[in-house]
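Participant: Fit chain C to the supplied structure of chain G, relying on the hints for placement.
In the order they appear, the protein sequences are chains G and C. The numbering of the first sequence is the numbering used here, which starts it at 326 and goes up by one. The numbering of the second sequence is the numbering used here, which starts it at 7 and goes up by one.
You can take every hint at face value.
Reference listing, derived: stretches of chain C covered by chain G, where coverage requires no fewer than 3 residues with Cβ under 8 angstroms from a Cβ of chain G:
#1 353-360
#2 365-375
#3 428-442
#4 460-467
#5 489-501
Below, a list of computed lysine to any residue pairs in the SDA-like style, where the Cα atoms sit at most 25 angstroms apart:
#6 Lys-150/C - Val-108/C
#7 Lys-384/G - Ile-201/C
#8 Lys-329/G - Asp-457/C
#9 Lys-366/C - Ala-413/G
#10 Lys-384/G - Thr-370/C
#11 Lys-210/C - Ile-170/C
#12 Lys-549/G - Glu-444/C
#13 Lys-349/C - Ile-170/C
For the record, the hints were derived by calculation from the structure and aren't laboratory data. By construction, the Cβ of each residue, glycine as well, lies at the ideal position given by its N, Cα and C atoms.
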Amino acid sequence: MFLKPIHFVPPDTKIDFVAKRWVAFSVTIVLLIITGLSVATRGLNFGIDFKGGILIEAKAPQAVDVAALRSQMSGLKLGEVEIQQFGAPDDVLIRIQRQEGDEAAQMTAVDHVRAALGTNYDYRRVEVVGPTVGHELLQAGVLATVLAMLAISAYVALRFEWQFGLAALIATLHDVLTTVGFYSVLHLDFNLTAVAALLTLAGYSINDTVVVFDRIRETLRRHKAVDLRSVINDSVNQTLSRTVMTAGTTLLALLPLVFMGGSTLINFSGALAWGIFVGSYSSIYVAAALLLYMPPLRRLEKAPAVAKA
Amino acid sequence: MIYIERWKVILIAAVCALGVLYAAPNVLPKPVVAWVQANMPGIVPNQTVNLGLDLRGGSHLLLEVATDAVIDERLQGLVDQTRTELRGAKVGYTDLGLDKGVVHLKLTDATQADKAHDTLRDMDHDLVVGVKGVDVTLSMTEEKIAERRRAAVDQSIEIIRRRIDETGTREPSIQRQGDNRILVQLPGVDNPEHIKNLIGQTAKLTFRLVDETASISEAAQGRVAPGTELLPSAEENGRPLVVQKRIMVSGDTLVDAQPSFQNGEPVVSFKFDAVGGRRFGEATRQNVGHLFAIILDNKIISAPVIREPILGGSGVISGHFTTQSAQDLALLLRAGALPAPIKILEERTVGPGLGADSIKAGATSSLVGLALVVVFFIIAYGLFGIFAVIALMFNIALMFAILSVLQATLTLPGIAGIVLTIATALDANVLVFEHIREELRRGRSPLPSIDAGYNRALSAIIDANMTTLIAGILLYIFGSGPVKGFAVTLSIGIITSIFSAVMVTRLIVIWWLRVTKPKALPI
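This is chain G alone, in the form it adopts within the complex (with noise of 0.2 angstroms):
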């Protein structure tokens, strides 16, 4: 044959998942713990989108002094100015903080620095927010990833056993509380791209997460009287194959967006380039591992007891 298919896991690989899961429980928790400082000591870096204010993209007459620019900003009187030069030596990304007052402060303010700049800037992206818009625009985004994880978890617990779609759910809310932690300790404009980012990995986490319960249950229909443990881990690793395939074009697919795909894009795809790995580890060692400690499937009883959720 004129081509030789390669396997990127060896079929006959059978790697002792569940006795290793110590280790991977301390990561774990030391991911969580990094999360939980950073977010109570850094904060998120609120974007424009949900804090309010100002963001201007422009392309300068010549190469931005931004000292310069930065006192000239701080003339006009609009509180904090964050001015920062990326890419070609002429891109600058000025921010400007919430104006006091409403919605009409903010576009007066835009103003004044159009005027301030003059005409030989080419502004290549404004956004203004005002206050209502920036609270309403975070409160449906935390709604949205909200309903959606419980909404998933609940179809996973109806497709499969309650067990499943409670770890389903715990492992989505490891993947999308540690790129929480990804934005905070990176300290990446949190926005509404963040949002659609964490939502998108939560759909592929819970994505990895039922392709290995699906391999779980399939198992377990077959040998009734075997452990969970083995079984678990013969199906993390006949799974395995198939996680590295799709987390790798997944990634391969991602990557050049990353270096490519310009500023709107790179956090997005920074984003979930970081959850496609947690991703793909939390459906084996939170996912999987937590159905050890569940209350016990019905297929592995000998008398059927366990309550419906």
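Facilitator: Below, chain C alone, put in the same frame as chain G:
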């Protein structure tokens, strides 16, 4: 399983063919598409994907109509009306006022309660009149309030559309959003300051008499005669004036307004309809020699002396205009006044440069990603990898076809959605192929292995994609702007991926099996 019914084959092939056909306008040169649009019947595919403002450049404005102001105005009107009606019916009352949306008053004579009730009831049958001893309340029903709010937003949309159309902006989209919001999208507008300025003005024009006897300094301290008020000048250093509250003529009776010149100065000339013209003539005839204030949004533009009655139904507003401001005022007067003030909640503007760069960045990175994935897949699965990649191409065509037909908006995050879809589509194939490999390792022969592979993978494929679809739908419901675009491509992508992975790849595999009748599978 290895046998697929003929009608299914035809259906799958037809869907793929349609996908390619409807996606084609997106890759054909623009002139060809334009020619097809112009010369072929509508059934021939001619629509391309609708690019979002973040890709084509343009301005997005979210407005809020202060509908409370409309209700307040109506209630204030009710207070005045109550006063006149009760006086006319000779019903004595005290403490007439307005509190939390309810007009209240006390009757001086409790025996007049029924008369008061009937009088007020006759004013407007949609009002709720409550009489309890000497206490009378008057309020609007919830439905009436909601109806007025809705009407105010509808009317605002109409007027904003007229104002924007007058500026010559092409293809603006003006839509209601929620109860009292309006979303304005202006493709190609990279500095919306002028339009924001035009939208932000209520443009309520009134002509009123100036109270020439009043002292401005006393008025500044809040002491004004009843029925008059102190209004600022529209000019920066202009003098404020005390004017009558009574409106002699208002701007809603205008039929036309045009910028013109008088003695070399830019002015706005206007023309009333018959009613307005008569009122204007009457007002000017009775007040020759007095100051007549022209007031826009409670600011005095000018207050000229009436030299002679103006009976022709037309006139001129002068007031230190620039050519631009005269043009703008004429435009606002032509388009009409907004029923309520408008607040701009959000502005997102993308310049044409960034839009073009984003398309390029999005397209390049997607293509590179696609190439990497294709190579990786073919390395991993060989011939079956190629089958999957062929199905993937149909999948991408189908996505673009659906996006074009639905005229859904493609945004930059939407491009990321397409990239993710590529990964999802291949994941379904991975699941199938891994199952086939397993079956082969168990020593099964090629045909049953393929059969079992598809059967066993199906539950995981469905469950895994349903969960992503749930996330996509919620993202669509709660997201806004570019994020919604992402949700759209993600959700459409999931559906086309299941189709392409489960149906198309299988069809190709079956054809290959029939033609080559292999002893072993190269997977």
